[in-house]
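In the order they appear, the protein sequences are chains A and B.
Take the first sequence: its position 146, counting from 1, is numbered 145 in numbering that gives the first Met the number 0, and each next residue is one higher.
Take the second sequence: its position 20, counting from 1, is numbered 19 in numbering that gives the first Met the number 0, and each next residue is one higher.
Check the hints yourself; a few may be wrong.
[Claimed, not checked] Computed Cβ-Cβ distance ranges for the label pairs, DEER-style:
no. : chain 1 : residue 1 : chain 2 : residue 2 : range
1   : B       : Arg213    : A       : Phe10     : 51 to 57 Å
2   : A       : Leu24     : B       : Met202    : 34 to 40 Å
3   : B       : Leu51     : A       : Arg143    : 44 to 50 Å
It should be emphasised that the hints constitute simulated quantities derived from the structure, not laboratory data.
In this text, a Cβ means the ideal position worked out from N, Cα and C, and glycines have one as well.
Spelled out, the chains give:
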Amino acid sequence: MSTYFNIKLVFEYFPQIFAKLPVTLTIVAFATIAGVILGTLIALVRINKIPVLQQLAVVYVSFMRGTPIIVQLFIVFFGLPVLLKKVGINANDWNTIIFVIVTYGLNLGAFMSEIFRGAITGVDAGQREAAYSVGMTNWQAFQRIIAPQALLTAMPSISVNIVGLLQNTSLGFTIGLVDVIGEVRAIGVSTYHVLEGYVAAAIIFIALSIILNKFFSFTENKLQTRIARVNR
Amino acid sequence: MTSSDLSFLIVAARAGIACIPTTLLLSIVPFVIGTILGAVIAMVRIFRVKYLAQLFKTVIDTLKAVPLILILYILFFTMTASIKNINMTIVAISTLSVFATVIISETIRGAFMSIDSSQYEAGYSVGLTTVQTLRRIVIPQAVPVAVPVLCNNLIGLIKASSIMYLITVKDILNGTLITASSNYLYLDAYIAAALVYWGLILMIELLSRILEKRMGRFRISAA
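Whenever a hint applies, use it, and build me the whole structure from the sequences.
Here you go:
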């Protein structure tokens, strides 16, 4: 047993693996920003029923939800350079992290759009009417009345998706990304000890999830008390 | 895309379709195992069985935080080291069963938590035992809540099973990729794989919607 699993090595490899954490966090941060922007746009297209774009959005969201993320990752990895070549951009020597961020942003955007759409249409119509009745414009009503309430209902689903995104980043190594998992594999190549590295990586992911969940429940509480105060 | 590419896309998609049974095996077996184990875990946690409930909560919360790929590799290396010539399909099914148990136990727990405690009290007040209350009052209400989520869990399992190509299981993804090994048209092969997965999942979504409607019928008549 001890020949292929040595608990001491878990601690020995840990700092080296932990050093790759910024790669994972960068992906989560940028993909979240991209996902929120794309998700908002798609949700607005679908709520306002903009012709053509709406049908495209339905197909897009269905594709993103209906195919494995690893397949999407490879399609972006092989397909994006081909697509960019047509407009004269050479993406062949781009850093792999860009492809990972693009894929996860596109994927998260689809899931976010569904959450946003559900949350926005879920706000009672009377709220909008009340806003109009006191003379607010369309944008003011959305920004001050609809959006805060929608955000509150959307928060739990948003956090589930971002924690999911964190876990999905672990697939980046398949296209050659050297993140936490990629580092474990690099260690494995030189030392033939890989199980210890995976255990160390698992510990990192568990800790990150706990921190992320704590952060989200904190923001949710904050949001809730703020809205409660306004309502009073 | 030239016509030769398109014909390759069809070849690759065909190879992927031929491997649908493997993907279904990799998702349905873990789904069944996950439902059984998940139901037990959910019950223990709902009825707050001493020690066991706390233990399950810790285990589920921990496993929920570990990416599937790590569960796969940790199980892969322990299983291949301890059992000689182990079949990779077994490693894949074991990994996905762990994943399924975690997500389905949460689904079932969520469905039961959505039933108001007054429903239990109502059952007890007319002299039903706990088992009777569950069987006649709570479960019939919890099932329609759980079914759409369970369908989502199954779809999640189908998508998750695609990473088993990493341990050379010949599922949809591997089936399509093998066709590209001689001509290197990997982009086409991945697009073909995506289309096969998409079709399969759309079909399951359709079945789920039909099932939901049938369930809904009971709910309306009960209300």
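Hints and how they fare:
Separation of arginine 213 of chain B from phenylalanine 10 of chain A is about 55 Å and conforms to the stated range, judged on CB atoms against 51 to 57 Å. Judged by the Cβ atoms, the range 34 to 40 Å given for leucine 24 of chain A and methionine 202 of chain B holds: they are separated by roughly 38 Å. Taking the beta carbon of each, leucine 51 of chain B and arginine 143 of chain A are about 49 Å apart, inside 44 to 50 Å as hinted.
Of the numbered hints given earlier, the model fails none.
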